[in-house]
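Enquirer: Listed here are the chains, written in short residue letters.
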Amino acid sequence: MSTEAHQAPPPSADELRQRVRDLLATHDPATTERVEFLRARFDAGLAWVHFPVGLGGLGLPRVSQEVVDAELAAAGAPDNNPRRIGIGLGMAAPTILRYGTSEQQARFLRPLWTGEEVWCQLFSEPGAGSDLAALGTRAVRDGDDWVVTGQKVWTSMAHEARWAILVARTDPDVPKHQGITYFVLDMTAPGVQVRPLRQLTGEAEFNEVFLDGVRVPDSQRLGAVGEGWRVAQTTLMNERVSIGGMAEPREAGIIGLAARTWREHPELRTPGLHERLLRLWVDAEAARLTKEWLRQRLAAGQPGPEGSAAKFAFARLNQQISGFELDLLGEQALRYPDWTMRRPTQVDMLGGSPGFRYLRAKGNSIEGGTSEILRNIIAERVLGLPTEPRIDKDVPWKDLPK
Amino acid sequence: MSTEAHQAPPPSADELRQRVRDLLATHDPATTERVEFLRARFDAGLAWVHFPVGLGGLGLPRVSQEVVDAELAAAGAPDNNPRRIGIGLGMAAPTILRYGTSEQQARFLRPLWTGEEVWCQLFSEPGAGSDLAALGTRAVRDGDDWVVTGQKVWTSMAHEARWAILVARTDPDVPKHQGITYFVLDMTAPGVQVRPLRQLTGEAEFNEVFLDGVRVPDSQRLGAVGEGWRVAQTTLMNERVSIGGMAEPREAGIIGLAARTWREHPELRTPGLHERLLRLWVDAEAARLTKEWLRQRLAAGQPGPEGSAAKFAFARLNQQISGFELDLLGEQALRYPDWTMRRPTQVDMLGGSPGFRYLRAKGNSIEGGTSEILRNIIAERVLGLPTEPRIDKDVPWKDLPK
Amino acid sequence: MSTAPSTAHDHTHTAGPDLLYSEVEDELRASVRALLADHCAWPTVLARVETDEPYDVGLWRRLAAEVGVAGLAVPEAEGGAGASWREVAVVAEELGRAVAPVPFLGSAVLSTVALLAVGDSALVGDLASGTRTAALAVPLSTAPDAAFPGGVRVEPGEVLTGAVTSVADVLPADVLLVPALGEAGPALYAVDRAAEGVTLTGVSSLDLTRRLADVTLRAAPGRLLASGTAARDALRGALHTGAALLASEQLGLAEQALATTVDYLRTRHQFGRPVGSFQALKHRLADLWVGITQARAVARYAVGTVADGDPDAGVAVAVAQSFVSELAVLATEEMVQLHGGVGFTWEHPAHLYLKRAKADAIALGSADHHRASLAGLIDLPGVPAVR
Amino acid sequence: MSTAPSTAHDHTHTAGPDLLYSEVEDELRASVRALLADHCAWPTVLARVETDEPYDVGLWRRLAAEVGVAGLAVPEAEGGAGASWREVAVVAEELGRAVAPVPFLGSAVLSTVALLAVGDSALVGDLASGTRTAALAVPLSTAPDAAFPGGVRVEPGEVLTGAVTSVADVLPADVLLVPALGEAGPALYAVDRAAEGVTLTGVSSLDLTRRLADVTLRAAPGRLLASGTAARDALRGALHTGAALLASEQLGLAEQALATTVDYLRTRHQFGRPVGSFQALKHRLADLWVGITQARAVARYAVGTVADGDPDAGVAVAVAQSFVSELAVLATEEMVQLHGGVGFTWEHPAHLYLKRAKADAIALGSADHHRASLAGLIDLPGVPAVR
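Read top to bottom, the protein sequences are chains Z, G, Y and W.
Note that the first sequence covers residues 1 to 402 in the UniProt record's numbering.
Note that the second sequence covers residues 1 to 402 in the UniProt record's numbering.
Note that the third sequence covers residues 1 to 387 in the UniProt record's numbering.
Note that the fourth sequence covers residues 1 to 387 in the UniProt record's numbering.
Keep in mind the hints are simulated off the structure, nothing from the lab.
Since the model is a prediction, treat every value here as computed from it, not as a measurement.
Careful: at least some of the hints might be erroneous.
[As the list claims (entries may be wrong)] Calculated lysine to any residue pairs in the SDA-like style (CA-CA distance at most 20 Å, straight line): (1) K402(Z) with E388(G); (2) K393(Z) with V225(Z); (3) K402(G) with P274(Y); (4) K393(G) with P274(Y); (5) K402(G) with D131(G); (6) K398(G) with R141(G); (7) K393(Z) with I391(G); (8) K402(G) with Y264(Y); (9) K398(G) with R268(Y); (10) K393(G) with P175(G); (11) K402(G) with P126(G); (12) K393(Z) with E388(G); (13) K402(G) with T149(G); (14) K402(G) with P175(G); (15) K402(Z) with T267(W); (16) K398(Z) with T267(W); (17) K398(G) with V147(G); (18) K402(Z) with Y264(W); (19) K402(G) with E388(Z); (20) K398(G) with V140(G); (21) K402(G) with D263(Y).
Start from the sequences and build out the full structure, keeping to the hints where you can.
Expert: What follows is the structure in structure tokens.
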């Protein structure tokens, strides 16, 4: 029931399939180099069909993408490894699309989508986590450039990224939400230093990024000066919407691993653990059905606020089930495979050890919005409960307690 | 290790016992009328030995009372039915002792202690529950009297009480904590109307009290005009300190009833309920040991803030165990003995039906300070966490949102 | 406890039923809600529960006649609307939301399923039109996989003798559907409420809005509906569908408990602020909303599988009763607590919701019972029996 | 599972042990805490755990020599301080509070109890002075009422062969106390760590501050300490007292987790306010404080009954492990969560507490295991076995 692209009648599924066949005819996946194929796909408007014509899309409803993806998958075409470039696809691209100039869109979107250029996100700071708007990284105007100095944290892929989306404070004398500006930053520029940030699993998925007098041309600003907070909302909104695609099978998450251990090791079972497992299984099934409900809503063009519930429930379930796994395993859980510092490119909850899962799951209720912030959002935006008295909205940023 | 009554050496336990024997010699419990015996006991300073001489006490440490009570109980002496007059003993008396004039002390304390005059408490209002200081009952000066108008609620024993302790607003133009004054109100005065307040159990333990132009002589004021909030702190502090006396045996609370049902009805058992019962039993034992710990602390002269933890845990346990009882009973729990409105003089959690316990326990986390307020108190006064931004402390009462 | 032909971990169940509400269902909901708003506001309910007529039969007739709620899942040929249990579930939500004292569960669900199973079109049609109501004579706490009840025996001459305790919706019923044991085993009989030998004794019930009664039969004349496996299946089917629909009722209870509490906390002030602005309460209500969001998906899935005859219905209903029962109790307990003193009074509706939720949690098998059944269905067995 | 000679519901246990800390204990605590503050600050601990010497043997010698922590419960005649397990529990709290990597549990508790039981004064004296340390060669997860281990066999010539996995505090140990099965049944042996045939393999452990090792014995010479019932009782007594003391360690962990979190939230600002002023967090921390208050009473009672030889010790220890294990895990999980991102990093000590708490919850019998044992002790049996 989408109302997008009403001007011209959208191509039918058959027409879309024809476009895919045309692409495949001119670029046989079996013989075309991967990057070249992806570029051609982008140019054919089949990258993200809901993007405008000329920017990798056809101005179609989002759901039409399923037709394209299915056809291409059937033909054995390479994909753009979306998990590796998730920040670019999910956060940078929608923001560039909405706030970027046409030059910026033309420059950034194609290599972003093909994965030739990896993106990362320079938002969080040691002193500004949940309260992102309190950020203190400064950007000072100097001719046609901005000079950026500060420290960012929790930056995944920073060590592989070519570009970053960045929010920085350009005016400390106004209230905190008003003095922020949004930039695209070249991660190869002088003054950018990336250090791995080791986490309690022993690994370092993330980085700290130190910015010391990094020059950013004003042409890499996204949106107006001082409008960075509003621009960032687009980025963050897209971070949380990640439900969709296929229905998830029962026991697909880590509950499946716990259930398998239970089935294969009768000697570990106790009545108390049985009760706990059954409760967790039911909770996992409830979470799965909620995601399915949400998927059906999105497919029907009725997005709802239940996505935050899904993230929230996911974090709690992962934590509870992984805690259960260790209790079930007993002695074996006292052993941890390896604490050696490593640099994984993505999180593999299902492939890791139970101990890894237990520890890594602790991050699920922190990353991408803490469970506490999600509860605030649900209470205020969904339930309409009144906000708390705020004292930080009208005071100049520089006068706030830190 | 109390430092009370250091001036004169306190009488030894033997001397106390002698005093009791003297009382018993002149007032044989077997032949003396109950009230007469209680009056004599009061006059002998054996009512509450930590009260001053002349007011029913001997200025001794609180613990000395145990000696007296044990001797009198052994001799078969009547007691003053402390549960019936709990509000007088626990709340009114300490406040009168601390803030009352000597005339007030002489007039009120003796019949209060003997139970000849029952007391009730007129604090809560429909619009001022947890936020007691928001109360709106007005007291207006008129010559030597105050004229009181307003509505109070949750008043137990109001229908049997001769006197009430009352807080009322005497100045609406100052911030809410500053305009309150504390009075003793005659419950038989014209303009006092008591109506039973039925609760979800079907019973009416409590009352609503409507005050319509009730005249209170200024001589019945306790403390200075506008000092009522501070006076009320003494009352409320004494409400929460009620731990002491004997150690509580294991399974003495409602967990004992649940355990008995479990033992006597193997046909009701399921593995899931077993796990729940064991957890509740452990929690009940933890609560019991905590009360024992607190009792030992008080006996050692080291009172601590853990009393609020005990009340809090008590409410949660009663609610959880009574909920468990119904689930265990199954079909039987679908039946409730009787919804007829009754007027009990005290709560009998252990003697009532499981359904009654389940419903009545809902009040445990509301009455005498909600669990939410108790958590605030623990967080701020015990853990030293910062208070929330307050907007109601400096605004005149009349300008507060209601 | 039943055993599972196919286990859950073979990953066969992926998409399954439509979980959303259709436009038709939205309209149905609006009609039911409007009628209940006019005739079933909670002060009306509270006033009724202590009278001699705890059920509002007039309201039920009206719901049946004006909105057709009694026969939604009954085929048109048998006098119904030819819709499905999915639509009935929407009605269950609304009736739960209003704690309506009507014989919906007993007549339009339990009895109707049983009668459809045994093919008694005449009686089904009467129930569907609301001109008569029926009750299934089992204790309300009976679980779908319970043993066939043995409290009533068939005696020579097709008369029934025995007793059944704690029967829901039987007080206003015209007909009792009675599971009984005859010489040839299980049987299901229809017994006229007005027949000789039928005695109903009202029971003071925890749930004020669904009054129970004890049924005594002394050589009461019965009409055989089914016997043997057919009787057993009819009873089990009725209880199973009932458990699915009950989850929707529980969802409605929980939703209304949350909505009422949110409204109260938005307007009630303490410490110079709306109480609903205090973060600890906000977080608890947010948790509750998350739970209700999940309960909705779970309940819709359960009734969807039942409506579709999906083989996953056994798991789905057990999951629904495991999850939604406890959620509804939590929601109503929070409703009482977060209303402070006023929620503890008889004159506030919170207790009607609390009592209904707690009774519903025991009805048609407790959450604990359904979790135990689930263990067999999804191949998560308990401790080996050797110890 | 052991059966109870006297059941709990006969209401015999009322007052019981002193639950408070004595002045002597307060002084002991201050001494231990001061020494740990100087030599066991968490950056020191964190730096050590990834080295080849995860245990701080120097610190342990110092604690033994300067404060006498290793022999508090050992009679003076055997080289100890002649105090009781009550005082040892205070040390356990402080070591838990510091997540100190010292062989306290293995040497000063498990081994010392076992050696006192079998009457090996010489070795007890060495352990008490801290000049030597010992470890009890059982998996750390072993519960007090577990079956006697069968992984090591006594072979002719009093030599031992077999393997034991996941042994705590054995890496720095001089002596291993090895339960073994001989021809005459259970036996307990002392084995010199340096003896031929003894191999230790360090294990990468969940708890970084209590590194485990696997022990392999190949015809290693052993010295018989006890056999038969005496060996069995010595082992069970060691594990039982160990479980009581572990509750005190877990209490210390929880207290420190709460204290650290409160300190952080008092100073950290978000939204222009100290984070600790947000009510939802305050309520969670208040709940935790209530739990810790209860855990303290429970742990003191457990160690009190053990110290007094009170017949209620079985129930008391099972209650303590059921309650305090989960509380300590919760406290450290809240510590990680409420520190936000920084609590998730390797460079913050929160993870050291989380890992110790989770490992402790599995050590010496899980909470689940202890609850199951408790059921027998307090006459709350499970479902009758007929189904």
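Enquirer: Give a verdict on every hint.
Expert: Here is what the structure says about each hint:
no.	hint	in the structure
1	K402(Z) with E388(G)	holds (17 Å)
2	K393(Z) with V225(Z)	holds (19 Å)
3	K402(G) with P274(Y)	holds (9 Å)
4	K393(G) with P274(Y)	holds (15 Å)
5	K402(G) with D131(G)	holds (11 Å)
6	K398(G) with R141(G)	holds (18 Å)
7	K393(Z) with I391(G)	holds (16 Å)
8	K402(G) with Y264(Y)	holds (13 Å)
9	K398(G) with R268(Y)	holds (16 Å)
10	K393(G) with P175(G)	holds (6 Å)
11	K402(G) with P126(G)	holds (11 Å)
12	K393(Z) with E388(G)	holds (16 Å)
13	K402(G) with T149(G)	holds (18 Å)
14	K402(G) with P175(G)	holds (14 Å)
15	K402(Z) with T267(W)	holds (9 Å)
16	K398(Z) with T267(W)	holds (18 Å)
17	K398(G) with V147(G)	holds (19 Å)
18	K402(Z) with Y264(W)	holds (13 Å)
19	K402(G) with E388(Z)	holds (17 Å)
20	K398(G) with V140(G)	holds (15 Å)
21	K402(G) with D263(Y)	holds (15 Å)
In this structure, every one of the numbered hints holds.
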